[in-house]
Amino acid sequence: MNIRTAHRDELPGLQDLETAAGVLFRQIGLTDVAEHPPPALEIFDRCRQAGRLWVSVDDADKPTGFVFVELVDGAVHIEQISVHPEHQGRGIGRQLIEHVDRWAAGQGIPALTLTTFRSVPWNGPYYARLGFSEVAEAELTPGLVEIRATETALGLDPADRIVMRRPVAGQ
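Here the sequence shown is numbered in the numbering used here, starting from 1 and rising by one per residue.
No lab work stands behind these hints: they were computed from the structure. Zero decoy hints are in this set.
Quick list of in silico lysine to aspartate or glutamate cross-link-like pairs, EDC-like style, CA-CA up to 16 Å:
1) K62 <-> E18
2) K62 <-> D9
3) K62 <-> E86
4) K62 <-> E10
5) K62 <-> D16
Note that the structure is predicted; figures quoted are calculated from it, not measured.
Between the sequences and the hints, there should be enough to build the whole structure, so can you do that?
Given below as structure tokens:
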């Protein structure tokens with residue numbers, strides 16, 4: 001598998017990929033999550049221009065997944081990671097995270113963070129298997145508190161959302 005920076009002309013397709021990936025949430029009753037619109041093209045493009053939007057691609061160089069990150073309180077925050085349902089179960093998400101980890105290490109950044117659902121099998125439990133651990137409320141940085149507040153304002157239940165962190169390899 002190849003991972004590279006996304007191209008500008010791929011951004012609408014990444015929105016479609018995100019929408020397709022959301023279908024899994026509908027299957028477990030999280031219809032509001034499944035129907036939430038994908039990130040705006042401007043968000044994708046801002047991250048792309050900053051060098052913080054990567055895609056996994058198939059042999060035809062077509063995106064199969066993506067990840068984009070923000071810098072939050074001295075850590076790399078995984079804002080969104082999605083893999084098209086036709087390509088799930090092949091380790092693409094893990095490889096995208098490892099790519100982000102290597103990038104963070106090259107930037108001298110010590111940790112990765114993310115927010116996710118506690119009980120969704122391909123969320124909290126999956127990230128725990130990849131070395132992430134839950135961050136206690138008292139240890140949340142101001143930026144992570146703000147992210148949680150934004151998620152709550154969007155209608156996500158804070159009782160089922162967690163912040164997770166993992167040290168960057170070699171840091």
